[in-house]
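Top line first, the protein sequences correspond to chains A and B. Each residue of the first sequence is one higher than the last, beginning at 1 in the numbering used here. Each residue of the second sequence is one higher than the last, beginning at 1001 in the numbering used here.
If you're looking for bench data, these hints aren't it; they were derived computationally from the structure. For each residue, glycine too, the CB sits at the ideal point set by N, CA and C. Any given hint might turn out to be false.
[To be verified] Below, a list of computed lysine to any residue pairs in the SDA-like style, where the Cα atoms sit at most 20 Å apart:
1. B:K1072 x B:V1147
2. A:K138 x B:I1033
3. A:K22 x B:V1135
4. B:K1034 x A:R135
5. B:K1072 x B:R1146
6. A:K138 x B:L1032
7. B:K1034 x A:K22
8. B:K1072 x B:G1144
[What the hints assert, rightly or not] What follows is a set of in silico ranges between Cβ atoms, one per label pair, in the way DEER data are often shown:
9. B:P1039 x A:R204: 43 to 53 Å
10. B:W1020 x A:R118: 17 to 27 Å
11. B:E1183 x A:E75: 31 to 41 Å
12. B:R1180 x A:M130: 34 to 44 Å
13. A:R118 x B:G1015: 52 to 62 Å
14. A:D77 x B:Y1058: 51 to 61 Å
15. B:H1148 x A:R14: 29 to 39 Å
16. B:R1180 x A:P259: 36 to 46 Å
17. B:R1180 x A:D68: 35 to 45 Å
18. B:I1064 x A:D77: 36 to 46 Å
19. B:W1020 x A:G139: 28 to 38 Å
20. B:T1211 x A:L73: 56 to 66 Å
21. B:R1180 x A:G143: 22 to 32 Å
22. B:A1018 x A:L73: 19 to 29 Å
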Amino acid sequence: MAFLEARDLRVTYRPRRAPVVKALDGLSLAVPTGTVLGLLGPNGAGKSTTVKVLTTLIRPESGTATIDGVDVLREPDRVRRMIGVSGQYAAVDENLSAFENLDMVGRLYHLSARDSRRRALELLELFDLMDARTRPVKGFSGGMRRRIDLACALVIDPPVLFLDEPTTGLDPRSRLGLWEVIGRLVEGGTTVLLTTQYLEEADRLADDIAVIDHGQVIARGTADELKSQIGGQRVQLTLVSPADADLVRPVLARVGTGPVQDSNDGRTLGVTVADGASALQEVLGEVRRAGLALHDIGMERPTLDDVFLGLTGHATSAGDAAPAQQPAGRSAR
Amino acid sequence: MSAPAGVAPVPRTLGPVAQWFSDGWITTRRNLIKIRRVPDILVFTTLQPIMFVLLFSYVYAGSIDIPGSSYKEFIMAGIFAQTVVFGSTFSGSAIANDLRDGIIDRFRTLPMRPSAVLVGRTNGDLLINALSMVVMMATGLIVGWRVHSSPLEALAAVALLLGFAYALSWVMALLGMSVRSPEVINNVSFLVLFPLTFISNAFVPSENLPTPLRVFAELNPVSALVLAARTLFGNVPPHAPPGGSWTLQHPIPAVLIGMAVLLVVFVPLAIRRFGRITTR
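Please model the entire structure based on the sequences and the hints provided.
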C-alpha cells in the first residue's frame, strides 16, 4: 500500500453568484514511501483543493484518503502530527520575526520550549535566514518568505511534505535556490506531494507525475513515460525572420501529429511528429523551396508542454494565468 | 532521519487540559508580540481614549447640565463603554487578515486545539481593553472624575465592561471569518457601533432624547452597560429618573445575562466556523 493514497475524491464549490465548480471530480492518486509525486496542471485544475483535502483543511463530499494507513477524514488530528505543509501563499505571521514564527509553530506541535527554540535556530541556519532571524517577516523578500514558510513545514521533519506551488511568483534565481533546498530534502527520503504549474519543476523534482485537469488525473507516469506516450519526437526550427512564421506553420501542421507551438518571440516553431526523420526531411525540402532562411532546425524529444497540450488539447498557459491566483498587493507587500 | 533537515525533535502528546492551556498561551503570546510591533494598536488603545476623556470633559462639560452631579462624572462610564466596545472589533479585523494571509491554513494543519487561535485573539482584545481602561481611569482621575462607591464595586464595574467587550469579541471573530475582506469589519464597526454607542445614555441622559431615539436608547444594550458601570462607580446623578425598560431598571443583571447569552451562542459558532474555513 502506498504511503499516501486518495481514492475518488469529490469536492464541489458553490460560490455565491457564480456557477458551481467541480473542483475535484473523482480524483485518485497514490504516492509510495520516499517518493515525490508531482501534481501537474493549470490554474483551477484542482491541485490546491487536493492538497487541502489531504491536509485536513477541506472535507470532500465523497472519497477516501489515508496517510500511512491513517484515515484523513476520520482522524484529522493524528494526520496533523504527520504532515508538513508549505503553500503558495507564505503562511507566516507578518508581524513576527523568522525565529518567532518557527518557535510558534514548534510550540503548537507541542515541542518543549527548549526543543522548539533549538529546532528554530537549526532551521534558520539550514535555510540561510540566520541574519534575518530577529527581523519581522513583513520586510522579507519573496524568496525569503518562501524559505521561512518551507522551514515552518519542516519543524518536526514530517514523514509527508505537501508543497503547493512552492515557487509560483518567484523570480528565476529564487526559484533555483528553492529547487536546490527541496532537492536536498527529497534526497533525504521524505515523501512529497508537490503541485506545480511549471513543467520544468515537475520534471526536475518529481519521480512520478500525475497530470490533472478539471479535477481528475488524466495521465500518470514518469516524465519520460509521459513524453513517449504522446508520440516519439518533435521537430523544431528557428527562423531568421519572424515574418516567415506564417509560411512555415502550414508545413509543420501537415507533418505534425499535434498543434503547432510558437515560442514567445515568434521565431521558434515546433510540432510533435510520428516519424522524426522523414518529417524533418520534408520540412527541410519545403523550407528550401520557399527560400526561407533558418537559424536552427532539429529533432527533439517532446517537452512536458507538448504532453499537456497532447493530453488536454489546451496549453497550460501558466505564465498569463499566474496573476489570477496572486491577488494584487499580496506579492508586493 | 533525513540528514539535511537535521535531527527534528519529536512532538509530545499533551493531555487535553495541558494542550488547551499551552495552545491558548502560544496564540495569546503571538498577539502580544503584534501589539508591540504595530504602533497603531497602541496609539488607538492609549492616546485615543485619553483624547476622548479630555474632549468630553472640557468641550462638552460646560454646556451639558447634569442636575445634582457633574458632566465629567456622568460621561466617564460612557467613554469607558464606547472604548471597550470598539476595542472588541480588533478580533474581527485580525482574524479576517489572518484568513487573507493564509496563516489560518497553517494553524489548521497543526495538531492544535481549533479554538486556540480564537482564544488567543480574544485574549488579545481583553488585554488591549484592560490597558485602555487603566489609561482612561488614570486620565479621568486627573481631570476630576471620582469613584463614589467602594473599591470592590469599582472593580466590578471594570470587570463588567471588560467582560461584555470580551463576549462581543467572539461575535466580531465570527464576523471576521464570514466577510470577504478585512476592510468590511472596519466599515461595520463604523456604521453599526457608532450609532449604537451614540444613541444611548453614554454621552447624554437618554430621557432628553426625541421619542424614537429614546426608545432605541432604552433598549440599546450599550445603555445597560453604561448604566451598570455608572451605578457601580457611584456616578448616577441623584435625581435621575428610573429607566424606561427592564434592562435599564436592572442594568447589572441585564449585562450579565447579555454577556452569558453572547458567549453561549457565539463561542461554539465561532469555533465551528474556524474548523471549516480556509483561504480560497
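**Message:** Given a hint of 28 to 38 Å, does the C-beta separation of W1020 (chain B) and G139 (chain A) actually sit inside it?
**Reply:** 34 Å, holds
**Request:** Starting from the hint 51 to 61 Å, judge whether the C-beta atoms of D77 (chain A) and Y1058 (chain B) obey it.
**Result:** 57 Å, holds
**Request:** Given the range 29 to 39 Å, decide if the beta-carbon distance of H1148 (chain B) to R14 (chain A) lies inside it.
**Result:** 59 Å, violated
**Prompt:** Taking the beta carbons of E1183 (chain B) and E75 (chain A), is their distance inside 31 to 41 Å?
**Reply:** Given a distance of about 38 Å, which is inside 31 to 41 Å, the answer is holds.
**Prompt:** Hey, K1072 (chain B) versus V1147 (chain B), does the alpha-carbon distance stay inside 20 Å?
**Reply:** At roughly 12 Å apart (the allowed maximum being 20 Å), V1147 (chain B) and K1072 (chain B) satisfy the hint.
**Prompt:** Given the proposed pairing of K1034 (chain B) with K22 (chain A), does the C-alpha separation stay at or below 20 Å?
**Reply:** Since the Cα atoms of K1034 (chain B) and K22 (chain A) sit roughly 39 Å apart, the hinted pair is violated (cutoff 20 Å).
**Request:** Kindly confirm whether 36 to 46 Å is satisfied by the beta carbon distance between R1180 (chain B) and P259 (chain A).
**Result:** Roughly 39 Å apart at Cβ, these two residues keep to the hinted range, so it holds.
**Request:** Starting from K1072 (chain B), check that the Cα of R1146 (chain B) is at most 20 Å away, please.
**Result:** 9 Å, holds
**Prompt:** Quick one: are T1211 (chain B) and L73 (chain A) within 56 to 66 Å, going by C-beta?
**Reply:** At roughly 58 Å between Cβ atoms, L73 (chain A) and T1211 (chain B) fall inside 56 to 66 Å, so the hint holds.
**Asked** Regarding R118 (chain A) and G1015 (chain B), is the given constraint of 52 to 62 Å on their beta-carbon distance met?
**Response** 24 Å, violated
**Prompt:** CB of R1180 (chain B) to CB of G143 (chain A), is that within 22 to 32 Å?
**Reply:** Holds, at about 29 Å.
**Request:** Would you check the hint for K1072 (chain B) and G1144 (chain B), treating anything up to 20 Å between C-alpha atoms as holding?
**Result:** 7 Å, holds
Hints 3, 7, 13, 15, 18 from the earlier list are contradicted by this structure; the remaining hints agree with it.
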